[in-house]
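**Student:** Now that you have both chains on their own, put them together as the hints suggest.
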Amino acid sequence: MHPAFSVIFLTTLIGVGQGLFLAIFTGQSYSAVELLPSEDSVAFYGTGAMIALGFLVAGLIASVFHLGRPERAWRAASQWRTSWLSREVIALPVLMFLVFLYGVMHFFGWDTVLFTSPTGARLQVTLVVGTLGAIATFALFLCTGMIYAAVKFLQEWASPLTVINYLLLGTMSGFTLATAFASLTAPDLVHFFGVWTTLITLAAFVTRFASLVRNARIKYKSSIQTAIGIRHSQIQQKSMGFMGGSVNTRDFFHHKSPQFLRTVKLLFLLLAFFAPLILLWVGMEQNHSGILLAAFVVQYLGLVAERWFFFAQANHPQNLYYQTV
Amino acid sequence: MTQLALVIDLNVCVGCHACVTSCKEWNTSGSAGPLCDDNPYGAGPTGTFFNRVQTYEVGEFPNTETVHFPKSCLHCEDPPCVPVCPTGASYKRDKDGIVLVDYDKCIGCRYCSWACPYGVREIDEHQKVMKKCTLCVDRIYDESLPESERKPACVLACPTSARLFGDVHDPQSEVSIAIREEGGYALMPEWGTKPSNHYLPRRKTRLHIHEDELVRADNPLKKEQREHAAPVDAPTLDDSTSW
Ligand code: SF4
Ligand code: SF4
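Chains A and B supply the protein sequences, listed in that same order.
The first sequence begins at 1 in this note's numbering and counts up one residue at a time.
The second sequence begins at 1 in this note's numbering and counts up one residue at a time.
Isolated chain B, as found in the complex (with noise of 0.2 angstroms):
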């Protein structure tokens, strides 16, 4: 079985929402016709967006630090959104695991919005019917595209490198080792729904320095008792010059 997904890194994302306005740029040009845009240069923009960039301070100043959430459909293993769905719009795909919407048959209930607790479920409301992110699935399966380029157009757009697609259940894939590896979660598990999608914590790169590994044990001259006279931590001729 494939589930593609995507594995959004928190500890590279920077929240400067390329991604978001590429989703929006691709998914508003699809032959499922566009995603409402009202205002945009107004004073309430407002839309509908299958992906959002949003921000969080964790701790309390001095001690804060700033995290970027991108959060778009995760595509769930156990999806709760698609049983409720009354006319059968909403469906997972066994091919790849993509939860999809049929615009085609959604009567625009909203019953499925409340059914997702991640809240990435958005009425078109000129279409009136459900949206959410598709993985761009126009797009990845599309053979006139050069292959580096069946990617999710959020991937492609992030600058850092921060998003990756593949399939989770391929244990080799790019994704799945990262979430392995780089202790890759999903968001409220508490709810069985078993997101596909994954996030990768912030990460601290902390280098550990003994004391003894600052003076070389192994040193030769020491060995031949030729040590250097002047201690560790007297000023060196370095230190001398710039002074």
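Only chain A is shown next, with the shape it has when bound in the complex (with noise of 0.2 angstroms):
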């Protein structure tokens, strides 16, 4: 496939959206529990929403360049019943809705405490409305992994480890960008998310190279022959009936070399998983939040590489009837 620089844009930019906001809301929930010390609402679980929230409003942009016809767009949120790119076009508005809200609620300190028990864990509203983001967080990683793993055809991604790479990449980046923050904000939580964030980028890197390796071994089930439907073991195209392209060459194919994509492999690997993981343990080493924020930014470029790989990658059956001028 093509890939379009819009999606690998929107994809990456709501997946730290979407990492951010479940770490600060992981954050906040053990601090709930008393487990964490709790931070200071507006510096941290407020404005660490809001930079959440502005990674999503810019996934959101990124999404229109992709659209023919952006202002017809709000007709997509009608087919949920049956399309998982409909359900995408819903899930993220009302993400970006709790987001929102979650961190109006922490600069203004609307944060009630509904219960507290016995042991001393606080029951907040803002919990409440954290709870139902993460909920809309996850529903918004599993709607954007099948767009892509529910189209049988394309079979690089269908399989349930693109949701689950959306989901770990996504998180993984939220979370390296939340220890940077938390560097700058709240130093206490640092070591707490620098963990999480190793973990998180060492489960991706194991279920990104599953499917490396998945996608290496695969075996097409369509043919020149069932494509045309001649049973000859010697099928070349001669003609592709014109002769200056068309959608069909332009929106299946990268143009790119073997090589180039091994290039972009290997980069991506590097450069989202373990230069980010060196950096964080350096940055956290010698506590320095400049090293930490390079440490995302590295593995941001990291994922825009992969997810430029997932694109290319993927081959269409179409492209069987295209292999020639």
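Source of the hints: derived by calculation from the structure; they are not laboratory data.
Please note that a few of the clues may not be correct.
Taking lysine-lysine pairs in the DSS-like style, the calculated list, with each CA pair at most 27 angstroms apart, reads [said to hold, decoys possible]:
#1 A/Lys238 x B/Lys204
#2 A/Lys152 x B/Lys151
#3 B/Lys95 x B/Lys151
Here are some chain B residues the structure puts well away from chain A; computed CB gaps all over 12 angstroms [unchecked claim]:
#4 Leu100
#5 Ile177
#6 Met188
A virtual CB, placed ideally from N, CA and C, is assigned to each residue, including glycine.
**Tutor:** Structure, rendered in structure tokens:
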């Protein structure tokens, strides 16, 4: 497939937003049961939620560039019964609203304690909103992953690993950002987030690597024989019916060399997983927010490469009909 | 239930692209506005077409065969392109099984083109909406046309009658009989899309002549024992005079 930058930015940016919100909310949940000190509402929870919202909005803006007719985008919410894309179109604004609400409640301190358990755990209203937000976050990861995993002809994508990767890669980048953010606003949480980031990054590496292994061994169901229905081992396309290309040659091919693809693969393995882990470790050791921020930036660039590769690697059966001029 | 569809005879198609041009002509002139067409006479002509004719070479030289292969939306009975559409712009009509795009609802997200394994949905890069074969839905029901012309433009244009049009659910229709009796098949059956359009394979007509068919076994002359003196493979008068 042709990797469109609008979709690459959409999926990576909302992944960061979702992950960051999950991280902030995890921090608050731990503090509610007093496993962690509670942080400043405005500086940490409120601002964190607003940064997450910023990423979600940026993703939404990127998605607009993918649509031919963005002015009609509201129609895309109508087919949620059958279309994962439609479900995503609903889940994204719902999540944005909840994150916004969560942030605003922290900013203005609308945080009534609903009840306190005998052990001292407090249930605050923001926790309820945050839980809803976390559910929306997972729902959105599921929708985004299923948009790709549900297209059964794209065999590289048609696997549960696709959904798991969207979930883990997004969460990973959000937690890395949360670590850097905590080093600026809530230094006592840096280690908490740092450890989580390391674990999630390792898990994401395992599942992403598993999907690389799976995709390297894929057996394609369609062949030129089934595409045109002729049983012969030697079939060559001589003409695809046009010379100047069409959307079929522009939208479904990456037009890059296998060497280029391999380079991008190595690059994303390095930038998304290994380099950030090292930077994270150094940043935590030296308590340096600049290095932690660099870990996030490097990881984000790695994810852009990862997403590019994700699209480029998928081989659409329609390509069988477009082999030659 | 009715399911309109095309049956394309690969044994007859000569790859002349008459269906392609007449399809483009009809569908670029309709009420939905033109199909885009950039650089039609320039170096890289490109545009939206509902129908393409491709050419394949089967076999290895010198035992090759050229197969011309017209391809358009197959109006699948279980179309994977329809449920994925987030807006409901893509739909399959109950009435006649034609798969259509509502150009006023489509947001141009291209998701349906990912979900069609056959690569027959082409986005109009000017109008930014998804387009595909409509089976000339604006023509086949047009009562102002004489009945014989209420067929898709491609079917009418084909000089070799390689394209048949009809209801593949009616067992007695021309298309159903052709599929049944001439070995009609569907493309990429592995995906379970149940394409309605079918293709008729290349067929060889071979004459099998057995030796006893060369000599008339019940030749009355033989019965009367007045057989021709010369053996069958001896030169005849024709052979001698043409020497
Ligand atoms: S051929 Fe493609 S576009 Fe046409 S109905 Fe089938 S899946 Fe949909
Ligand atoms: S491009 Fe148009 S018809 Fe296709 S899925 Fe998107 S909205 Fe539906």
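**Student:** Take the hints in turn and mark each one as holding or not.
**Tutor:** Tested hints:
A C-alpha spacing of about 22 angstroms is found between lysine 238 of chain A and lysine 204 of chain B, which places the hinted pair at or below 27 angstroms, so the restraint holds. Proposed proximity of lysine 152 of chain A and lysine 151 of chain B is contradicted: the alpha carbons are some 34 angstroms apart, above 27 angstroms. With a CA separation close to 17 angstroms, the supplied pair lysine 95 of chain B and lysine 151 of chain B stays within the 27 angstroms bound. At roughly 15 angstroms, the least C-beta separation between leucine 100 of chain B and chain A is larger than 12 angstroms, which holds for a residue marked as non-interface.
The Cβ of isoleucine 177 of chain B lies farther than 12 angstroms from every Cβ of chain A, with a closest approach of about 19 angstroms, so its non-interface assignment holds. The claim that methionine 188 of chain B is not at the interface with chain A is violated, since a C-beta of that chain comes within 12 angstroms of its own (minimum 5 angstroms).
Against the hints set out earlier in the document, violations occur for numbers 2, 6.
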